[in-house]
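Residue numbers (the working numbering), protein chains in the order written: chain B, 16 to 344; chain S, 5 to 422.
The set of hints was computed from the structure by calculation and includes no laboratory data.
Beta carbons: idealized from backbone N, C-alpha and C, even for Gly.
Check before you lean on any hint, since a few could be wrong.
What the hints assert, rightly or not - Covered stretches of chain S, as calculated for chain B (at least 3 residues, CB under 8 angstroms):
#, stretch
1, 110 to 122
2, 148 to 154
3, 371 to 382
What the hints assert, rightly or not - Rough simulated footprint, nothing fancy, chain S against chain B, three-plus residues with beta-carbon under 8 angstroms:
#, stretch
4, 67 to 75
5, 129 to 141
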Amino acid sequence: MGTWLFLVAVVLILAVLLTPKAVGNFPLFLQNLIYGVADGSIYALIALGYTMVYGIIELINFAHGDVFTLGAFLSMPLIGAFGLAEGKSTGVGVWLLLLLIAVIVMTINGGINVVIERVAYRPLRNAPRLAPLITAVGVSFILEGIMYLWRGASNVHYPDVLPGARFAVIGSAFISIKDIVVILTAIILVILLSLFISRSKLGKAMRATAQDREAAQLMGIDINRTISATFFIGAVLAGAGGMIFGLYFNSVRFDLGFEAGLLAFTAAVFGGIGNLQGAALGGLFIGLVQVFSNAYFVSALTDAWIFAILILVLVFRPTGLLGMQVPEK
Amino acid sequence: MRPRRTFQRDTAMRWATGWVGDRNRTIYTLLIILALLFPAIADVLTGGEGNHLVGTAADAGVFVLLAIGLNVVVGFAGLLDLGYAAFFAIGAYTYGMFASGQLLGSPLHHEFHIPFWLMLIVGMLVAAGFGIILGAPTLRLRGDYLAIVTLGFGEIVPLVVQYLGPGSPVGNWTAGVNGIAAIDPPKLPFFVAGPWVGAPIQVVKNFDFTNPLAYPMDFYLLMLVLVAVCVVLANNLYNSRIGRAWMAVREDEVAAAASGINTVAMKLMAFAIGASFAGLAGSYYGAKLSLVSADNFHFIVSVTILIMVVLGGMGNIPGVIVGALLIYVTQFFVLTNLPDWVTGLASLVGLSGLNQSHGDWVGLHDEVQRLNYLIFGLILVVVMVLRPQGLFPSRIREQELEKGIAEESVFDLREEQP
Chain B
16 MGTWLFLVAV VLILAVLLTP KAVGNFPLFL QNLIYGVADG SIYALIALGY TMVYGIIELI
76 NFAHGDVFTL GAFLSMPLIG AFGLAEGKST GVGVWLLLLL IAVIVMTING GINVVIERVA
136 YRPLRNAPRL APLITAVGVS FILEGIMYLW RGASNVHYPD VLPGARFAVI GSAFISIKDI
196 VVILTAIILV ILLSLFISRS KLGKAMRATA QDREAAQLMG IDINRTISAT FFIGAVLAGA
256 GGMIFGLYFN SVRFDLGFEA GLLAFTAAVF GGIGNLQGAA LGGLFIGLVQ VFSNAYFVSA
316 LTDAWIFAIL ILVLVFRPTG LLGMQVPEK
Chain S
5 MRPRRTFQRD TAMRWATGWV GDRNRTIYTL LIILALLFPA IADVLTGGEG NHLVGTAADA
65 GVFVLLAIGL NVVVGFAGLL DLGYAAFFAI GAYTYGMFAS GQLLGSPLHH EFHIPFWLML
125 IVGMLVAAGF GIILGAPTLR LRGDYLAIVT LGFGEIVPLV VQYLGPGSPV GNWTAGVNGI
185 AAIDPPKLPF FVAGPWVGAP IQVVKNFDFT NPLAYPMDFY LLMLVLVAVC VVLANNLYNS
245 RIGRAWMAVR EDEVAAAASG INTVAMKLMA FAIGASFAGL AGSYYGAKLS LVSADNFHFI
305 VSVTILIMVV LGGMGNIPGV IVGALLIYVT QFFVLTNLPD WVTGLASLVG LSGLNQSHGD
365 WVGLHDEVQR LNYLIFGLIL VVVMVLRPQG LFPSRIREQE LEKGIAEESV FDLREEQP
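Bound-form chain S, shown alone:
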């Protein structure tokens, strides 16, 4: 006789085992814990001077947003976008132009200071609009031709932005090579400060985000909210009818079209939605840095975001978040600080002679700095060769891959038959 189980116990068991066994839920849980504890960890690590690290984490969040957005295009819909930074630039410049004194010198002769919260939405819409303008004529192209079109677009946008500065025939819109500076920070009518921003509990009226009381914790908290919203949005999209249509288009466009999916509309939608995430990230970036410059949006940024998505595990949202964080930490923390660490280590073990430069040797610090490119390249190659599917690929993709291998082994068996 089968042992009886009460209904509640059964579901509770399933829920608990599901939670433990499901890798994605584990990653989410760990990420949430890390995000909430990070300010404290940063303080402990730096002995009470954690603000700088928290600010860096808020900057890393920009890349998390970008990776989530690019994952919609590349991971969900299977469209290779090599110019994603262009939409990031469009978002950042939209906010920069309409939330600073910049347009006073433009043919409009009027400066705008539209609130950040409104511009978040406007930035998304503008970026999505550009996504549609670029995508509509080009999404009929086959896979890699689309990639080169996006690459071209990604190169055109920073050049045009830079060109539309002082002295351009149509007036100074973007401040050219200097970039737009003194961009408004986000503002709130009031803000409740407290231990969560490392301050005594008090109500601050007309709070702005550069307020030394909370900076950069307020940006960090805002970033957590933005990331959470984007994760929910992207997740819902993935599980919706649109998400399934994207998957169908990604796996077999002809079959998808034959099943009644409007493939061009679906691809366009992926493109526009992906672009809107970048627009959002751009607005935040402009507000946090208070400066946007065309130099920060070149091809290498697009490639970096793509690396984050592919290395993290295309199509899987927690995977790409981890990918974005790992690459960001590697590039902007480990590799930037490595020369100092190595120098410190050398002094510690009594090899401080290496730290001075003599002859061809430029000193340990600079020698290690020179290795940056090489180390980063090696990491990319080694990780991808060891885990071609990315660190945490989506379950569905993994199964597809395993199935692909199974098909080949059938082929091998047939070969071995006498």
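In isolation and in its complexed conformation, chain B is listed as follows:
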């Protein structure tokens, strides 16, 4: 009940702020809305990994943003290797190849994250809580260092292989194939993830482990395997996010994941950390706030708005939008 009231209040405030802008120039508003949803979809994909890892081992995984960047960097050479070139490739084949590349990237990314967990976090599972936080920062530096060595410090062009076609919606507002791809990918992955978590046996094990690790262990759940699986899935989503980020913006940099990760983590907390729907919703919200603030409100303060909203939300709803009130352990 309280949740809904709060959501309604948030939506009302946003409506009051945005209605004059929407009335003033509706096509521009709609265009921003489309951009915001597309950006938000990418944030949502990163935020899901944050929220899953936090939910299961209460670790703020600072390296997750860089795992996202890794997805973009891994897919770049593959696109060339599979013979896709800018502006030349058309037809169904492109989509199938991209899907294949995505699957490869997601798998490699997942594997890398499993290794990271094994090396940097698992030895510290019973250590003071801040120790794994520091190794997470360390892993973040390592990943950024590797990508820096690999492609240098400046922006790297990401091959623009998606069709550039776009369709008019209203007036000067357009929706491009890229927008649709980003949004659809995110929606499909989020649906698959919720189905996996709610229906599959491993998903059930994850929920049990998140709730009470020791009890889950006593019920015969292999904790290590479950946690590895969580890291794998988190990195799979982040890898997909990185690849569609590259395809969408066509420019990536080694430290891209630093800020994106920070914002995605904000999204996860905003939605109620540990809550999958919350993370998706939070990602979407952050994307929208970012785009609207850049367009209508002081763009130099965009990140400040985002964090100020986050702080306000937490003051009034201490566990985020959809987070459950759980007793202190």
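Dock chain S against chain B, hints included.
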């Protein structure tokens, strides 16, 4: 029959053995010796040109102060603060604004030149005030939600500071992206120069800290005093009733509240006191550098300070001092100079061909420079995996950890029973 011992001999023995056996006292002793001998060591190492190193050491002291302050919040009270650099920024900008010509162009149309010594206190109070403003509504949040609130605050402060420059609707307060420059150095009515600053003995009237006679030794000495004061303050806090209350809150908030501790007030106090240390460090930083810029206070600074605290040994003051110095030396000395060292080594062993760039190889110097991130990350991971409790953890924490392991082994024994 027991051998008799005189009272004096007994206490002297206990004192001596205590001094030798107590790791913390050993660290303090070594640190004091190092601090006093450092200018001489620097001179010897660089062949009489030690001033630059002494200046660097004075800068490292800023991070020591910050680590001591963050240790109050994270180590004593157990509150995760990921935006500590914000309070550092607040201290630095408070001093910058009120000890330079900056506010002449602001809506106040008046420039202030308040003495450094007063601003040290004001900076502490302002930072503590911001700590209370941020903490009061948010300290009821559970652990990691608090962390993200502080992270958000840490991101907001530099952005707002940068925004309040030329052209902002409320006037130019902070000089925006340029940062505030030409900040007043600390001044003393007189100063006795002598061999301790590498000069003949003489009295300098109206001494200011940029005086070439003593610079940067005077900043170094000031930093030693500040660190010593902060160590005593933090140590007394830790051993006081407040310190014990913090420990109780850190270990079990519910139990602490049930024992009559006002947990919110205690957390707020930790937050404000921790922030005030950063305010102090900020004022000094502004005065030493004579320039403050919002770029120097981003998330990465907060993370660096947190790394210093956790890696040094949370909750243990000598531990975090060592942590701060080690990380500072690694980042700003070893990693910055490593490319030069490696280049020199390559020339020495006859591999100077590696130093030139050809094709993809950009030359040994730049190749090593590129490795900086990677090396620093590896150091963090390796050290934390090998010593999760930090290099020199507090004794109490260590015992808690060992006890935790003992409890688990009891559990294992039960499992093995037929």
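Status of each hint after checking the structure:
no. : hint       : in the structure
1   : 110 to 122 : violated (count 0)
2   : 148 to 154 : holds (count 5)
3   : 371 to 382 : holds (count 9)
4   : 67 to 75   : holds (count 3)
5   : 129 to 141 : holds (count 5)
When held up to the earlier numbered hints, the structure conflicts with hint 1 and nothing else.
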